[in-house]
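Peer 1: Residue numbers (our numbering), protein chains in the order written: chain A, 1 to 435; chain B, 1001 to 1756; chain C, 2001 to 2251.
Check the hints yourself; a few may be wrong.
As the list claims (entries may be wrong) - In silico PhoX-like pairs for lysine-lysine, Cα to Cα no more than 25 Å straight-line:
hint, chain 1, residue 1, chain 2, residue 2
1, A, Lys177, B, Lys1162
2, B, Lys1553, B, Lys1745
3, A, Lys262, A, Lys423
4, C, Lys2129, C, Lys2107
5, C, Lys2130, B, Lys1237
6, C, Lys2075, B, Lys1010
7, B, Lys1237, B, Lys1553
8, B, Lys1010, C, Lys2107
9, B, Lys1237, C, Lys2129
10, A, Lys99, A, Lys177
11, C, Lys2177, C, Lys2024
12, B, Lys1531, B, Lys1550
13, B, Lys1419, B, Lys1588
14, A, Lys73, A, Lys254
15, B, Lys1162, B, Lys1010
16, A, Lys166, A, Lys262
17, C, Lys2129, C, Lys2075
18, A, Lys420, A, Lys262
19, B, Lys1010, C, Lys2177
20, B, Lys1550, B, Lys1745
21, B, Lys1553, B, Lys1428
22, C, Lys2107, B, Lys1237
23, B, Lys1419, B, Lys1237
24, C, Lys2108, C, Lys2129
25, C, Lys2024, B, Lys1010
26, B, Lys1428, B, Lys1550
27, C, Lys2130, B, Lys1588
No wet-lab data here; the hints were simulated from the structure.
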Amino acid sequence: MNSAWNIFRWELRRVLTNWRQAMTIFVIPSFVLLLVLYLFPLLMDFMATGNLGRPTLYFVNSPTSFSEYINTKPANLSYKTSDMDESMFAVALLDGSAKALAEQGSAFVVFSSFPRYEDNKDSATSFEGELERYYLNASSDNQAGSLAFISVLVDPDNMKSTITAKIFEMEILPEYKDFLSDTVGNEYVSAGGGRQFSINVFNPFSEIMLHRSVANASAARVLPAALFLLLYYCIYSIAFDAIGAERERGFLAKVALTPVRKIDIIVGKAGAVALIGLLNSVSIIVVFIIASWTNFSNNPFSLIPFGFTPFPLQMASILLLITCAAVVLSLFCFIVIFSCNRPQDVILNLQIPLLIFLVYFFVNIYRSTSSHPFEVFIPIHGALTMMREVLLNNASTSEMITVVASHVAIAIILLVICRKIFKSSYSYNEIEERR
Amino acid sequence: MRSVIFTLAKKTFSAGIGFKTRISAITFLAVLLFFVSLLFIAASYSLDLGDDTESEQPNIVVFNAPTSFYESFDENEQRAFINIESSTIYDFVSINRTMREQNAIATIAFPSNFDNQLNDDTDSSVPDVLTYINPDVTDSSEPEDICEYVLRSYSSYLVAQKGLELRDEPFRFAINRTTLQPEERAFETPQSTAARMIIPLLLIIIITYAAMSSGVNSIAGEKEKGTFYGLMLAPIKHHELVLGHLLGIFLRTILPAVLFMPLIMLMRINVGLSGILLTLYVCVLFALVMTTVTFMFSVLGRNILAAQTAFLPVFLMILVICVMSMQREGTIYSIYKQLPFFGHYHAITDALLGNSQLADLLLLTFTSILMSTVVALITIRLLRYEAFTVVYDSESKVFIAAEKRAHKEARRAAAIPSKNIVFGYRPKRLRRAMRTISTHFWMPLAILSFFQTLSLIGPILNFLKQEDAYKIIIDATATLRNASADQVSSSISEIMSTFMSQPTFLLSMAISYYLMIGAYILIVTKIEKNKLSTLGFPTSGSTPSFPLRKAFKSYGRGLLLGLSMITSVYLILFASGQIRPIGIRLQKQEIGLFFAYVLMWIPQGAAEEVMMRGYMLPRTSARFGVPAGVFLSSLFFSLLHFANTGFSFLAFMNLLLIAMFFALYSLTTGEIYTVCAAHTAWNFAQGNILGMSVSGGIGSASVLDTQYGSSAIDLWTGGAFGPEGGLAVTLISVISILILAIYWKKTEKKRMIGIA
Amino acid sequence: MIEVFNVAKAYKANINVVNDVSFKVCPGEILGLLGPNGAGKTTLMQMVSTLLKPSSGHILISGMNTATDALEIKKHMGFLTTEVRLDPDSTPNRLFDYFGRLYRIDKKTSAARKIESFERFGITPFADKKISQLSTGMRQKISISISLIHNPEVVIFDEPTNGLDILSSHQVQNYLKHLRDTGHTVLLSTHIFSVAEALCNRIAVLIDGKIVASGTTQELIQLTSTTRFEDAFLELYALHHIEGVSKKGET
């Protein structure tokens, strides 16, 4: 066991003291990931709209109460506002400029009201008038109904335009309603209507949790596969260096000729490789969290929205899963390297799983179902799916135990195979034959 | 040469990985596992459908529920809630614990004295209700919606208690998706989804992967095996090496894509043969780009692993592009269909859906070929360094780079063709192109501004001695504070014109111009250590000898030339009625000023000629060739007048033309005495005899008093900039250049003999 | 004909691996470069073979400068070094054909040379075996036969008998003599005295990047007033080696 520990330390030092390699393993993937996470929403935005500016909300025929409300609102990062005349809007609709604006991500908010049958045609109803009538009725115990109508016109093909409309619905509309009852609905409120209590005036926890649940759900789609892709990449390059390159240099033969048990060599090397893979994953998770928490603009196209927060238990489960996967993957790489002699064969055999992980990445982004009960038994895939479930808070302890147990079992089987191949390729006869 | 390329291509095509590659059993097992897991993923979809129905009603925890809430809840909800009395409604840790214990998804926390606050009419403050959602529930909308619904119905219950009823919202709201988009959208079929999302992605991944496995490994693999050394020893040109490998990699890259084509047919996409061929064509373009890119990484890497590592970011980038292209719906900006990567993805989609546009495809072809060519050229360049880094990579790199540069410079300097040599100037070493240009742009600018500022000091001091000077300055700053850029420049030119009417200022200007010429002479003789003749001032000592008498003769001829040119401009304008002389303006007291002007124009013309024609022309010509030298020096001359009032595009063109004429003239005579004089004569006659403004400067002390005619058109006269901003000067300078060209042609034979 | 004029090579500004070396090898002559490990032999060989450029001085091969006419020189020069390895998946037959095409030799000539060369070195029985299955000596012989594929006028061999047994070594030495007698110019680097003594017309001793002595074996022995060539070399080494100078470029 002592010799396994020695080999483990030797390998670890070899990788970590070589700054070039350390850089390749830790800095470059993190950097690339960060870049992708930051650039992706910008590029998407640009692709969708042809510009990077904020979309504009055009308020057509807006009533005075709305203008007053908008003026009290501080400027927003995600949209601009602009007033528009009804006649101008009609022209814009006809000559297609409205469509062009919507293609750039803008949306048109039209304030109108349905005509009332009891009114004569001369006094056409207005949005403002309807509101006043509504609150007057409400305060005087009449059954209050309103024909006022707000409709948002968007380009359904343009994601940004649709999102702009959603922002209006979610952020502006509820506040405007409250504002209305405070101003136009004065009489109604003084008669005892209006709000009796406020909700969550100060409650940062709910705020954070809302962001977190959105972000964690997104992370569940993106993080596991991305993490496994980069983890595998890291493991395969170090494993290749630790076994393949050493074999080419003849150093492995030298180690094999020392009175160290083969299994110790494998355990030591696999342990080092897995640990470095684990460290790499941790650095990537950190980058992921940083990317999420610095995503202030919270662009709707972001791969990882603002507020990704794994709780300690989640984090622990994720690390446990990564450890399991890292051990299995490094042993897998070792077997591949031992079973192929030529470097190009090794590279090809090691690259095929990389391709598989790539496909997983897409599968995971578009997958909408929770896991099948049998998936936990499949090595690596089980860990990946489990991590997804952990991030979605759907994981159960029994499933977790199953995944870990299946990985341990697989690791032991792989270790045995690895030892066998290693032994057979470095017995004395074999060396002579290779010469 | 061709056979070498094919040999290399064949070798690369069949090398290594190829068809004899061994797939190890465990890799096969991994692939098998992958498909099994895909099956389970598919199975999970069918499982999910059944799962949905049996979800149980989640609990809600309420802290300090008031009695009215009980009533409201009974009325609206089918379920019960769990009430807990507690005063710590902000302690989210304990609340979370409670939620977990009770298996609840949300908590509504009322303040403990909520009922009192609600019923107390004297208290105007509004109590705050808190909501919490269970952090373990990922779908946030569910608990949040429940909270909102419960609280809203509670609120309306409270209002209804007071006898007020709201039947609906103050207004209705809808998102309208049709008005802006009246046309029908195409129905999404499985086939079109495949064409839009699956096939292009697969093709691009397949091609990228194939290019990576054969391209990245090619040279890097040879380096790792040690066979690259042998290749470098063979008498193969670098471009042959690159082309041969590229061909082999390209075939390897395109092969899987070709094999994929029948599969597209199997997917029952109705594309027809032309669609398949178009798809294949786009694949060929993409494979071309990927081949060159991967090969470049292969040359860069020291071994396979290093090259693969370096290539990973590119792979990820291509993936990101694929994801982006997949998510894009609706109209696509056509530029995306013409750029590599984006364009390839969209072109495959379009080919499969039969929407291909010829223009986009042609432009995509062009950009793809352009990109591959550039990358291939870079690779050839990289290989040149590779030859000497095979053995000792890090130490010799810097050294070899420096050595190569020196070698290249020496060779280039030696190789300056004699036709590029103007005024006998021969550079000692060759600077980089950009550096040469920037030097020649900044140097005159720096020298001009330095000496002109120097010449301003005297007059400004003089001006400050006046009693009302400070008042003028204060007034001026007051007006400047809220003036536009236009007003500022006009007020500056006003100040300049007052200065221009002071003989002392003119004389100090003259001195500064002499100093400028002196500076240039010093630069050439002391710093460059060249003869004065390389500045366009041949002397009796230079070869061929140019005695002083000849110089004077040239100067005289120049004066005549300038005078006649500006006079013809004047005559054209006069004949066309654009201007009319209204008498003699020069007064007796201005005679001193007049002579000061004479003294100023002489060095002024000479200084500008020394800068542009004498110094810049031979130096830029030696670097870029005579035509470029003429153009650059004229361009800079023109740009130096940029800040003058009334500068326009036409003025820019005119100055360019005049400068070109002067440059060409000095080339024919081999000196700049003539053009110095011509420049002086032109400016002097223009400003002080004919009474027109000189390049935006307003002259005084003019002999003739000339004014614009009533029907004057600025296009011809040049307006405030003077005739140099008008078409008349364009005409004259074009004619002059033409005459010069004819003269040049005629004397060509003579000059050839002269040079020989 | 190889002419080396005042050649120096520096990898860092102040450390000269090869320092002011001049020599000349005529057709029909073998010049042996003899020196301890790290003396700059390999660097010098690489400069002569156009793979490296001299920091100063110049090298002419058949009258062509290595710095500017590398491509043309490669056509007239065969270079053998341990650095050149053979593709382990290929066979001698295929490798020979491949390089034949790279050196632009027409098929007939190439085939004839292959037969001759393979016969000479006894490669023929192994012509279709994989390189990875062949012994080190056989690989070296294949390397030699491939580097002489184009019948070059100038032959540069870096440690040609490395790893060869006595029989093979003898074969190679005989072949080198044959090359010399047929008017080739041969530059040889070695640290094996018997080879140098037996083969070379002249020997240049390279110590710390400088040629400290050159001449026939007899001349060198006389110069140092010793009796054996080996002693002569040791004497020269003791005279000229300065501790701590040569650190870079160990081979």
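Peer 1: Work down the list of hints and note, for each, if the structure agrees.
Peer 2: Status of each hint after checking the structure:
{"no.": "1", "hint": "A:Lys177 / B:Lys1162", "verdict": "holds, 21 Å"}
{"no.": "2", "hint": "B:Lys1553 / B:Lys1745", "verdict": "holds, 23 Å"}
{"no.": "3", "hint": "A:Lys262 / A:Lys423", "verdict": "holds, 7 Å"}
{"no.": "4", "hint": "C:Lys2129 / C:Lys2107", "verdict": "holds, 22 Å"}
{"no.": "5", "hint": "C:Lys2130 / B:Lys1237", "verdict": "violated, 29 Å"}
{"no.": "6", "hint": "C:Lys2075 / B:Lys1010", "verdict": "holds, 22 Å"}
{"no.": "7", "hint": "B:Lys1237 / B:Lys1553", "verdict": "violated, 58 Å"}
{"no.": "8", "hint": "B:Lys1010 / C:Lys2107", "verdict": "holds, 17 Å"}
{"no.": "9", "hint": "B:Lys1237 / C:Lys2129", "verdict": "violated, 31 Å"}
{"no.": "10", "hint": "A:Lys99 / A:Lys177", "verdict": "violated, 29 Å"}
{"no.": "11", "hint": "C:Lys2177 / C:Lys2024", "verdict": "holds, 19 Å"}
{"no.": "12", "hint": "B:Lys1531 / B:Lys1550", "verdict": "holds, 18 Å"}
{"no.": "13", "hint": "B:Lys1419 / B:Lys1588", "verdict": "violated, 53 Å"}
{"no.": "14", "hint": "A:Lys73 / A:Lys254", "verdict": "violated, 74 Å"}
{"no.": "15", "hint": "B:Lys1162 / B:Lys1010", "verdict": "violated, 92 Å"}
{"no.": "16", "hint": "A:Lys166 / A:Lys262", "verdict": "violated, 63 Å"}
{"no.": "17", "hint": "C:Lys2129 / C:Lys2075", "verdict": "violated, 28 Å"}
{"no.": "18", "hint": "A:Lys420 / A:Lys262", "verdict": "holds, 9 Å"}
{"no.": "19", "hint": "B:Lys1010 / C:Lys2177", "verdict": "violated, 37 Å"}
{"no.": "20", "hint": "B:Lys1550 / B:Lys1745", "verdict": "holds, 23 Å"}
{"no.": "21", "hint": "B:Lys1553 / B:Lys1428", "verdict": "violated, 33 Å"}
{"no.": "22", "hint": "C:Lys2107 / B:Lys1237", "verdict": "holds, 21 Å"}
{"no.": "23", "hint": "B:Lys1419 / B:Lys1237", "verdict": "violated, 32 Å"}
{"no.": "24", "hint": "C:Lys2108 / C:Lys2129", "verdict": "holds, 23 Å"}
{"no.": "25", "hint": "C:Lys2024 / B:Lys1010", "verdict": "violated, 41 Å"}
{"no.": "26", "hint": "B:Lys1428 / B:Lys1550", "verdict": "violated, 30 Å"}
{"no.": "27", "hint": "C:Lys2130 / B:Lys1588", "verdict": "violated, 108 Å"}
The structure does not agree with the numbered hints 5, 7, 9, 10, 13, 14, 15, 16, 17, 19, 21, 23, 25, 26, 27 stated previously, though it agrees with the rest.
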